[in-house]
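Engineer: Build the full structure now, drawing on both the sequences and the hints.
There are 2 protein chains.
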Amino acid sequence: MDKKRVGIVGAGQLGRMLALAGYPLGIACRVLDTSPDAPGAQVAPAVLGRLDDARALAELAAEVDVVTLEIENIAVEPLETLRARIDVFPPPRALAAAQDRLAEKTLFRSLAIPTAEFVAIDSERDLAQAADKLGWPLVLKTRRMGYDGRGQRVVSSAAELAAAWRELGAVPSIAEAWISFERELSLIAVQGANGQRAFYPLAENVHREGILATTIAPYVDAPLQARAERWLGELMSTLDYRGVLAVEFFLTANELLANEMAPRVHNSGHWTIEGAETSQFENHLRAVLGWPLGSTLPRGHAAMLNLLGELPSVESVLAIPGAHFHDYGKSPRPARKVGHCTLVDVDRARLLERFRALQALVPGDG
Amino acid sequence: MDKKRVGIVGAGQLGRMLALAGYPLGIACRVLDTSPDAPGAQVAPAVLGRLDDARALAELAAEVDVVTLEIENIAVEPLETLRARIDVFPPPRALAAAQDRLAEKTLFRSLAIPTAEFVAIDSERDLAQAADKLGWPLVLKTRRMGYDGRGQRVVSSAAELAAAWRELGAVPSIAEAWISFERELSLIAVQGANGQRAFYPLAENVHREGILATTIAPYVDAPLQARAERWLGELMSTLDYRGVLAVEFFLTANELLANEMAPRVHNSGHWTIEGAETSQFENHLRAVLGWPLGSTLPRGHAAMLNLLGELPSVESVLAIPGAHFHDYGKSPRPARKVGHCTLVDVDRARLLERFRALQALVPGDG
Numbered sequence: 033m034d035k036k037r038v039g040i041v042g043a044g045q046l047g048r049m050l051a052l053a054g055y056p057l058g059i060a061c062r063v064l065d066t067s068p069d070a071p072g073a074q075v076a077p078a079v080l081g082r083l084d085d086a087r088a089l090a091e092l093a094a095e096v097d098v099v100t101l102e103i104e105n106i107a108v109e110p111l112e113t114l115r116a117r118i119d120v121f122p123p124p125r126a127l128a129a130a131q132d133r134l135a136e137k138t139l140f141r142s143l144a145i146p147t148a149e150f151v152a153i154d155s156e157r158d159l160a161q162a163a164d165k166l167g168w169p170l171v172l173k174t175r176r177m178g179y180d181g182r183g184q185r186v187v188s189s190a191a192e193l194a195a196a197w198r199e200l201g202a203v204p205s206i207a208e209a210w211i212s213f214e215r216e217l218s219l220i221a222v223q224g225a226n227g228q229r230a231f232y233p234l235a236e237n238v239h240r241e242g243i244l245a246t247t248i249a250p251y252v253d254a255p256l257q258a259r260a261e262r263w264l265g266e267l268m269s270t271l272d273y274r275g276v277l278a279v280e281f282f283l284t285a286n287e288l289l290a291n292e293m294a295p296r297v298h299n300s301g302h303w304t305i306e307g308a309e310t311s312q313f314e315n316h317l318r319a320v321l322g323w324p325l326g327s328t329l330p331r332g333h334a335a336m337l338n339l340l341g342e343l344p345s346v347e348s349v350l351a352i353p354g355a356h357f358h359d360y361g362k363s364p365r366p367a368r369k370v371g372h373c374t375l376v377d378v379d380r381a382r383l384l385e386r387f388r389a390l391q392a393l394v395p396g397d398g
Numbered sequence: 033m034d035k036k037r038v039g040i041v042g043a044g045q046l047g048r049m050l051a052l053a054g055y056p057l058g059i060a061c062r063v064l065d066t067s068p069d070a071p072g073a074q075v076a077p078a079v080l081g082r083l084d085d086a087r088a089l090a091e092l093a094a095e096v097d098v099v100t101l102e103i104e105n106i107a108v109e110p111l112e113t114l115r116a117r118i119d120v121f122p123p124p125r126a127l128a129a130a131q132d133r134l135a136e137k138t139l140f141r142s143l144a145i146p147t148a149e150f151v152a153i154d155s156e157r158d159l160a161q162a163a164d165k166l167g168w169p170l171v172l173k174t175r176r177m178g179y180d181g182r183g184q185r186v187v188s189s190a191a192e193l194a195a196a197w198r199e200l201g202a203v204p205s206i207a208e209a210w211i212s213f214e215r216e217l218s219l220i221a222v223q224g225a226n227g228q229r230a231f232y233p234l235a236e237n238v239h240r241e242g243i244l245a246t247t248i249a250p251y252v253d254a255p256l257q258a259r260a261e262r263w264l265g266e267l268m269s270t271l272d273y274r275g276v277l278a279v280e281f282f283l284t285a286n287e288l289l290a291n292e293m294a295p296r297v298h299n300s301g302h303w304t305i306e307g308a309e310t311s312q313f314e315n316h317l318r319a320v321l322g323w324p325l326g327s328t329l330p331r332g333h334a335a336m337l338n339l340l341g342e343l344p345s346v347e348s349v350l351a352i353p354g355a356h357f358h359d360y361g362k363s364p365r366p367a368r369k370v371g372h373c374t375l376v377d378v379d380r381a382r383l384l385e386r387f388r389a390l391q392a393l394v395p396g397d398g
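Protein sequences, first through last, are from chains A and B. Here the working numbering is used: the first residue of the first sequence is 33, the next is one more, and so on. Here the working numbering is used: the first residue of the second sequence is 33, the next is one more, and so on.
Treat the hints as calculated values from the structure; they're not laboratory data. Mixed in with the good hints there might be a few duds.
Any copy, or any two copies together, can satisfy a pair, since identical chains are not distinguished.
Stated by the list, open to error - Simulated pairs of lysine-lysine, DSSO-like, Cα-Cα distance not exceeding 30 Å:
1. K35 with K369
2. K165 with K362
3. K165 with K35
4. K36 with K362
Note that the structure is a prediction, hence the values are computed from the model and not measured.
Structural biologist: Right under this line is the structure:
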C-alpha cells in the first residue's frame with residue numbers, strides 16, 4: 033500500500049491548496065490549525081490546536097504517514113520531538129534557518145550564496161557599527177517573525193535607526209545594506225526521495241508595502257537560472273531537504289543576491305497551478321511522500337495577481353480570457369491575502385495586456 | 033453577492049471532480065447520494081438519500097443556489113417539481129431525452145443529425161420488422177438504463193434476436209443497424225447564460241466491452257468539428273440547455289453518426305482537467321451559475337486512460353513524464369471505474385509513446 037496520508041501543520045491558503053492538490057492523487061491530507069474556519073480546514077479534516085502544541089501535533093501525526101508544514105514561523109522543538117516517531121519534511125533544521133534572518137544569511141554565506149551586506153544587532157551599541165559598515169540608507173529587520181514586510185524599517189540617519197530599533201521592540205535584529213535592485217526574482221525548487229530534484233523557472237515578483245502583489249513567470253535568463261539552481265541545490269543538499277524550497281532574490285545591475293528563503297510552498301509559485309505541468313503543491317506532496325516528482329515545465333507565460341483585503345467579483349475576473357480565480361474562503365480584512373488570480377497565455381504580450389485588464393478590476397491595484 | 037452554492041444530484045467520480053473544481057472558485061458544492069462513502073461525499077458535504085426522493089432533493093435544494101446532476105439515469109419528475117423553486121440545470125427535459133434511446137434518436141433525427149437506422153421494439157412482433165429493415169448483424173438495446181455497454185446485445189440471426197430480447201427483459205427497446213465504424217469520436221459542448229457557448233475539440237475514444245477505455249484529444253478535422261459543433265449547438269438551443277453536453281459519434285467511411293448524448297460532464301472529457309485551459313468540470317459549474325465560460329483551447333495533446341477494477345501503483349504511474357493521476361476513492365471491483373490517468377504533451381508522437389508505457393502498467397490493458 034502506498035503511503036498517502038499527509039499531515040499539514042497550519043491550514044491557511046497554502047494548506048488549502050496542498051489539500052486540494054492531494055485529492056486527485058488519492059492523498060488524504062489532514063490539517064492542524066487553531067480555527068475550524070481556516071481555509072485549509074474548509075476542505076480537509078482538521079485537528080484543532082496550537083501549531084506548537086505537542087499533544088495536537090501528536091494527534092495529527094497519529095493519523096498520517098508523514099508530517100509537513102505550510103508555515104515556517106512555528107516552534108522547531110516540538111517538530112524535532114515528533115521526528116522520533118514520524119517523518120517530518122522539510123526537516124525542522126530548515127525551519128530553524130529560515131526563521132532567523134541572521135542564521136539564514138549566515139547559511140547563505142557559508143555556501144557562497146551572495147547576500148546584501150549585514151551586521152547583527154544585539155543591542156543599541158551595535159547600531160553605530162552598522163551605520164559605519166553599511167552606510168545610509170539601511171534596513172533594520174528583526175531576526176525573527178518577519179514576513180509580508182513586518183518587523184522591518186528603512187532608515188536614513190542615526191536618529192531614525194535608534195527610533196526604529198526601539199519601535200521594533202529592541203529585539204535581536206540585523207541591519208542590512210540598502211539594495212538598489214532592478215528586479216525581485218524567486219526560484220522554487222523541490223527535492224524528493226533519493227535526492228531527486230526539480231526546479232521551476234525563475235519568476236519575477238513585485239511587492240507593495242512588503243506584500244507580494246504580482247508574479248510573472250518564466251523570467252528567462254539561462255545563466256541566472258543556472259546560478260540560482262546551483263545555489264538552491266546546495267541549500268537542499270546541506271539541509272537534507274525534502275519538499276518545496278523557495279528563495280527570493282534581488283537582481284541588481286551586477287549580481288543576484290539572496291534575500292530570504294521559505295521552506296514551504298510559496299506565494300510566488302501559485303502561478304504553477306495552471307502555468308506549469310505540475311503545480312508546486314502537487315510536487316511538494318509527491319516529494320514528502322517520496323513519490324517521483326512531476327515536470328516543472330511552464331505552459332507558456334503566466335501572471336499571478338494577489339487579491340488583498342477583499343475579492344473582486346468572480347464574474348468580472350472570469351470574463352477575462354484565460355483568467356483563473358482562487359478564493360481562499362477567508363473573510364475580508366485590509367491587506368489580508370484573500371485569493372489570487374492567474375492568467376496563462378502562450379503569447380507574453382497578450383498576457384501582459386490582459387493582466388492590465390485584470391489589475392484594473394482589483395480595488396487599490398493597477 | 034455572487035451565487036455560488038451548487039447542489040449536485042449524485043456523488044460518483046463526476047460529482048467528486050465537480051466539487052474539487054469548485055473549491056478554487058469559492059464554489060461550495062453539496063452532493064446528494066445514498067452513501068456517505070461515495071467519491072463525491074468524500075470531498076464535499078453530503079445530503080444522504082435516494083436521488084429520486086423528493087424530500088432529499090428538497091433538503092439539497094434548500095442549501096444551494098442551483099441544482100445540477102452528475103448522472104442522467106434518475107427520475108425526471110422530482111426534478112421537474114423542484115424547478116418550481118430553484119434552477120435545475122441541465123433542464124430535466126434534456127435528461128428525459130437522454131434516458132430513452134428512442135426519444136434521443138428521434139430528437140437527433142428531428143434536428144437532421146444523422147444516426148444509425150433504428151426501429152422501435154415494443155413487443156416480440158416488432159423483431160421481424162427490425163431484421164427486415166436493418167439486416168444482420170443488428171444491435172438490440174433497451175430504451176432505458178443503458179450505459180457502459182449494459183442493456184445491449186449484438187445479434188446475427190432471428191433466433192439470437194429473440195433470445196436477446198428475452199434476456200434483456202422483454203422491455204421497450206430499439207434495434208439499430210450495425211455500424212462498421214472507423215473511429216468513435218465525442219464532442220463536449222457547454223452552454224451558459226444568455227446562450228454563451230463553448231466547444232472542446234473532438235476527442236477520439238476507444239471502448240472495450242462497452243466501457244470507455246481511452247480518449248485521445250484533440251482529434252483534428254476542421255470540417256467534422258464544425259459539423260459536430262453545429263449539431264450540438266442545435267441540441268442546446270432546442271433543449272434550452274445550461275451546462276456541459278456530450279455527444280458520442282461513430283465515424284464511418286462516409287459520415288458522422290450520432291450514437292448517444294449525455295446531459296452532464298462526460299468521461300471522454302476528463303482529459304480537459306490538465307489538457308485544456310479550462311476543464312469541463314469548471315465550465316459546467318460556470319455555466320450552471322451563469323458565470324462567463326472559460327477557454328476550451330487544448331494545451332497540446334492529451335491522452336486519458338481509464339483505470340478499471342483496481343488502481344495501479346501511483347508511484348509507477350507518476351514516474352512517467354507528464355502523467356497525472358486521478359483516484360476516485362472507490363474500493364476495487366471488476367470493471368469498476370476507479371480512477372484515470374492523463375498524459376499531456378505538445379508532441380503527439382512522444383505522447384503516444386509514453387501512453388503505451390502507461391498502458392503497460394495497467395493490469396488487463398495495453
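Engineer: State for each hint whether it applies.
Structural biologist: Checked hints:
1. K35 with K369: between (32 Å within a copy, 22 Å between copies)
2. K165 with K362: neither (44 Å within a copy, 64 Å between copies)
3. K165 with K35: neither (52 Å within a copy, 58 Å between copies)
4. K36 with K362: both (28 Å within a copy, 15 Å between copies)
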